[in-house]
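The listed protein sequences derive, respectively, from chains A and B.
Residues 1 to 255 (this note's numbering) make up the first sequence, in order.
Residues 1 to 252 (this note's numbering) make up the second sequence, in order.
Rather than coming from a laboratory, the hints here were simulated on the basis of the structure.
You may find that some hints are simply not true.
[Said to hold, decoys possible] Listed below are the simulated DSBU-like cross-link pairs for lysine-lysine, each with C-alpha atoms no more than 30 Å apart in a straight line:
#1 A:23 with B:219
#2 A:164 with A:120
#3 A:164 with A:8
#4 A:142 with A:182
#5 A:182 with A:164
#6 A:142 with A:164
#7 A:120 with A:142
#8 A:8 with A:224
#9 A:182 with A:224
#10 B:219 with A:142
#11 B:219 with A:224
#12 B:219 with A:182
In this text the structure is predicted, and so the values were computed from the model without any measurement.
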Amino acid sequence: MADPAPGKTKIVLEDVHKSFGSKVVLDGIDLEIREGESLAVIGGSGTGKSVLLKHVIGLLRPDSGRVEVDGVDLAGLSYREIARFRRRFGMAFQEGALFDSMTVAENVAFPLVRERGHTKAEIRDRVAECLEEVGLTDAAGKMPSELSGGMRRRVGFARAVAAKPDILLFDEPTTGLDPVTKETIDTLIVELSERLGSTTVTISHDMVSVFRIADRIAMLYDGKLIAVAPPAEFRQSTDPRVRGFLRADNQPATV
Amino acid sequence: MRSLTEPILHFIEELGRFCTLLWRVLVWTPRRPWDVRQLLRQMQRVGVGSLPVILLTALFTGGVLALQTFSVLARFNAERYVGSLVALSMVRELACVLGGLVIAGRSGSAMGAELGTMRVTEQIDALEVMGADPVHYLMVPRVWATVIMLPLLIVVSDAVGILGGYLVSVVLMGANPVSYMETTFQYMELQDLLSGLIKAAVFGLLIAMIGCYQGYTTKGGAEGVGYATTRSVVLASIAIFISNFFLTKALF
Chain A
1 MADPAPGKTK IVLEDVHKSF GSKVVLDGID LEIREGESLA VIGGSGTGKS VLLKHVIGLL
61 RPDSGRVEVD GVDLAGLSYR EIARFRRRFG MAFQEGALFD SMTVAENVAF PLVRERGHTK
121 AEIRDRVAEC LEEVGLTDAA GKMPSELSGG MRRRVGFARA VAAKPDILLF DEPTTGLDPV
181 TKETIDTLIV ELSERLGSTT VTISHDMVSV FRIADRIAML YDGKLIAVAP PAEFRQSTDP
241 RVRGFLRADN QPATV
Chain B
1 MRSLTEPILH FIEELGRFCT LLWRVLVWTP RRPWDVRQLL RQMQRVGVGS LPVILLTALF
61 TGGVLALQTF SVLARFNAER YVGSLVALSM VRELACVLGG LVIAGRSGSA MGAELGTMRV
121 TEQIDALEVM GADPVHYLMV PRVWATVIML PLLIVVSDAV GILGGYLVSV VLMGANPVSY
181 METTFQYMEL QDLLSGLIKA AVFGLLIAMI GCYQGYTTKG GAEGVGYATT RSVVLASIAI
241 FISNFFLTKA LF
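Using the sequences and the hints given, assemble the complete structure.
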């Protein structure tokens, strides 16, 4: 396989297995993510993409296998060390997962407040900066319930980048949005990652979006990664499962 | 045979998880940062917010106790003990059990629904990702707010219940106000009051823990949240009735 983005390895998954009850979700995942690259993991609904992402950030622990970030095995960390370790990550959730009892600005400030050691002025400036990056300066004082789906996700992005993490994770960032908003979101993902120089992992089943944002694409099928390749190569894949996924997604939705 | 043991095993498993969560709440309690603002907010929600309902409950319970006991005690010319009976029943038993049920319906359900919604909208995952432990951030203030506020509510409730009994006896039944008040406190001991408060604190712990547990373990969207809310109230009520029996047995 070609090596499109040479560089240091940032995240390693080694033979990761995970089952819930009798249902095998991850069945031996091997994946290396390089520093600074943007990787997209695709696959149909319920194939365990989110589970994979939750392993990377240590929300779930593998039944067997290893997850390493910056050469540190997550399984070897205590509960507190994991909490500290997670400060390198910024995660944007599917529907934003904003705290609905807080304003937009308080949401974005949350990771900074938790980090401690920042003055109030620093936090205020950083929040303003992040909201500007996602184009929502005016929404600072609003409650999440007053925002549209696309806006909520952008606030989620602002919150994810607030503490300047070096790994960004996006969980289904474009699911359920209209094509125009999707494009805005995709552009934003590329911009935010470039500005932070972060390693970016995006979970999606939206091929249009994935081709816009990813340096490499990995396809999850039946608990295994069946293809990992740069977009151009991925498009040429002869694997029938990959072809099927590409074809199905490019067809207009029929009811 | 399997169908018989399965629910029992399931129950033990749940109980184990519940106790683990309780343990985590205790372990996280002294850890920094102390979120005093959040604690006060929850105390306000549980305590101040519930005051009107609790007062109404207590007033009418005291009143109906007086009504009932007056007519019964009159059969053996013991009307003058109505005051003692109302006061002791309220303080030892009714204020905390009924108050606990009211709080289970009001605050326990709210905790189940709130944490449940946070779970299904991934807000709990978001907390964890940002290095804020959900047990520390969400449960510690809720549990302690309820443990602190329920006994305080019960003190007020005791007083209002006694007032309810007084009003019914004196105004409706024509009892002598002075001797009524005299008998009210004649047989009461400090231990009666304290045991009621201890019960209230335990009920508070159970209500908040069950609500938080149900919310935290919610699965499956809006339906799951509804289910968690219902279970918060039903299980907390059952827990109150059962623990009340054993607490009463232990305390007297």
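Here is how each hint holds up against the structure:
For the proposed pair residue 23 of chain A and residue 219 of chain B, the alpha carbon gap of about 17 Å is at most 30 Å, so the pair holds. Taking the CA atoms of residue 164 of chain A and residue 120 of chain A, the gap is about 17 Å. The hint holds against a cut of 30 Å. A C-alpha spacing of about 20 Å is found between residue 164 of chain A and residue 8 of chain A, which places the hinted pair at or below 30 Å, so the restraint holds. Among the hinted pairs, residue 142 of chain A with residue 182 of chain A is consistent with the structure: their alpha-carbon atoms are about 23 Å apart, no more than 30 Å.
Using a Cα cut-off of 30 Å, the hinted pair residue 182 of chain A and residue 164 of chain A holds, with the two alpha carbons roughly 24 Å apart. In summary, the hint linking residue 142 of chain A to residue 164 of chain A is supported, as the alpha carbons are separated by about 23 Å, within the 30 Å threshold. Restraint check for residue 120 of chain A and residue 142 of chain A: the C-alpha separation of about 20 Å stays at or below 30 Å, so the hint holds. With a C-alpha separation of about 24 Å, the suggested pair residue 8 of chain A and residue 224 of chain A falls inside the 30 Å cut-off, and the hint holds.
As the CA atoms of residue 182 of chain A and residue 224 of chain A are separated by approximately 28 Å, the hinted pair is consistent with the 30 Å bound. With a CA separation close to 29 Å, the supplied pair residue 219 of chain B and residue 142 of chain A stays within the 30 Å bound. For the given pair, residue 219 of chain B sits about 26 Å from residue 224 of chain A by alpha-carbon distance, which is consistent with the 30 Å threshold. As the CA atoms of residue 219 of chain B and residue 182 of chain A are separated by approximately 28 Å, the hinted pair is consistent with the 30 Å bound.
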